[in-house]
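K.L.:
Which chain is which? The protein sequence lines are A and B, in order.
Quick note on numbering: my numbering labels position 129 of the first sequence as 129, and the sequence is numbered without any gaps.
Quick note on numbering: my numbering labels position 167 of the second sequence as 1167, and the sequence is numbered without any gaps.
In case anyone wonders, no lab produced these hints; they're calculated from the structure.
We put the CB at the ideal spot given by N, CA and C, even for glycine.
You may find that some hints are simply not true.
Covered stretches of chain B, going by a simulated chain A footprint (3 or more residues, C-beta under 8 Å) [as the list claims (entries may be wrong)]: (1) 1136-1148; (2) 1173-1179; (3) 1201-1213; (4) 1271-1285.
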Amino acid sequence: MSATSPAAVAVERGLRARSMDWRGTMFQLLLLASLVLTLAILATLVVDVVQRGWPVFGERGADFLSSPLSTRPASAGIAQGIAGTALIAVFVALFAFPLGVMTAVYLEEYAPDNRLSRAININIRNLAGVPSVVYGLLGLAVFVPLVQGLAGGTGRNVISASITLGVLVLPIVIITAAEAIRAVPRTLREAGYGVGASRWEVTSRLVLPAAAPGILTGTVLGLSRALGETAPLVVIGASSTYFSSGDQSFLESLFGSFTALPMIVFGWSSRPQDEFRALTAAAIIALLVVTLAANAVAILLRNRYERTW
Amino acid sequence: MQQAMAAPPTRDPVAIRIERADFPPAESPAGDPAPTGSPGTAAGPADSEIVVELQDVSFFYGSFRAVKDVSIRVPVRRITALIGPSGCGKSTLLRTMNRMNDLIPNTRIEGRVLYHGHDLYARDVDPVEVRRRIGMVFQKPNPFPKSIYDNIAFGPRINGLRGNLDDIVESSLRRAVLWDEVKDKLRQSGLALSGGQQQRLCIARAIATEPDVILMDEPCSALDPRSTLQIEELMAELKENFTIVIVTHNMQQAARASDQTVFMTMAEDRAGYVVEHGPTIEIFTNPRNRLTEDYVSGRFG
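So here's chain A without its partners, still in its complex pose (with noise of 0.2 Å):
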């Protein structure tokens, strides 16, 4: 049969497509709208905090991450913003994640599947969309007085806004720890018991390991969130105006005024001087730096344990 023969060509229309697919190629040029649209949305968030804010650091540069809080805008910098996120973040992290995650394992593996296991469940996504000054109130009516009174002092320090900040995060860090523990297939933990495993051992050495990669995507969602929380800081009483902490050790330091990144940016923002607008352009340039590398280190931390095995 030649390629032209009649019974090829009606093959060969019949193989084509019958008319343009309008309804396809509509939806996908929607869908790529909306891409090109939401990246420039952020590429013009970001050129525009850089354009403000990149002067700063060509002017003054290491001065500006190395200066203490300041009236004047020409010696203001963030040296103690960037000391209180750091703080922040590993007290965050000490805090919620041991809590969290085993609050997950326990509600995964241990609960039985009654209502009130199932009530818990619901509650905990609640508290997960419960506006973040809230947990400033919250904070400043229990873990304020409950750190003042152990340690003295105002209480309003940053200790007591790791614990809030803690607390707003811990929903997050349980839920996406208890949904990597469940997607560990059942097989696996059929093999462990097979060879005489006890649930705690086919939980801490087979399902754990094999959920570490999403629990620990999840830590890190809830640390990047903790740190750019601003209400919780400006409830609990986050300076944005001169403080030393000049004489004191560090741990002494750990209990006195503190401040950090998101509440730099917005204590700055509401200043008349002019000046201010850089610093403060500055500062977000700053506190987006140090949330995309918390997200780094988590993302590798993740694909380290994430081998193909």
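Chain A is fixed; fit chain B onto it per the hints.
P.N.:
This is chain B only, laid out in the frame that chain A set:
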């Protein structure tokens, strides 16, 4: 007896016919019962030592009875096959023997499961210890996401078995006829092996804890014929040291590989029960029950 198999013309020509001649010569160890076809349902071996015995066992998923009044006896160092149509409760029954069903919530067992005379479901019995002594190989190979070495070593490690771990790993792999294939890559992932190799790895993992009994839940159903044959040969060797209970859909496999066969089917209320239980040779060439005969000749199931 041969006359029973000289089929009358009404017999289905397509039906599988397994003749007495298909079986290897009967083994000599004193303990194999004479094929007398004695009446009674619990027609297990009379003289062999019994390692696992089920007495009137019923198993419930919630209010649904999956297995009804099962009484069977598993002789030591023999291969006992559980055969029957899909859904008749063979796997459920198998899993009652090492308390794997404990992991499923809302289940209940009635009757007794005796291991060397001791009730496995007694109050003071630790299911973890049960599973160390009664190991399991699953339908789909499920090695741990660890190295081959760690797969085998996992069981001994958590059970605190004494002895050199390297030796235990090597001897388990040798007995599972896998050593030569993996001895140079013990640190590689267990998941990188082929299907048949993975299943042999799972068998090696099961025997590493020195169990008494190995339960196999359709171990070859996910494998190609060549791997299946390898595993059957392996089972024949393992039989010298371990008691094996195997659930299989493959009748030829049961006929080829097992010493005792338990035939189960589903009743009207969808509960599984034991129709017949006896030496494999008898079940396949001279079944007492009409249902058994229909099943082994391929008429249903």
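K.L.:
Would you mind marking each hint as holding or not holding in the structure?
P.N.:
Structure-based check of each hint:
no. : hint      : verdict
1   : 1136-1148 : holds (count 9)
2   : 1173-1179 : violated (count 0)
3   : 1201-1213 : holds (count 5)
4   : 1271-1285 : violated (count 0)
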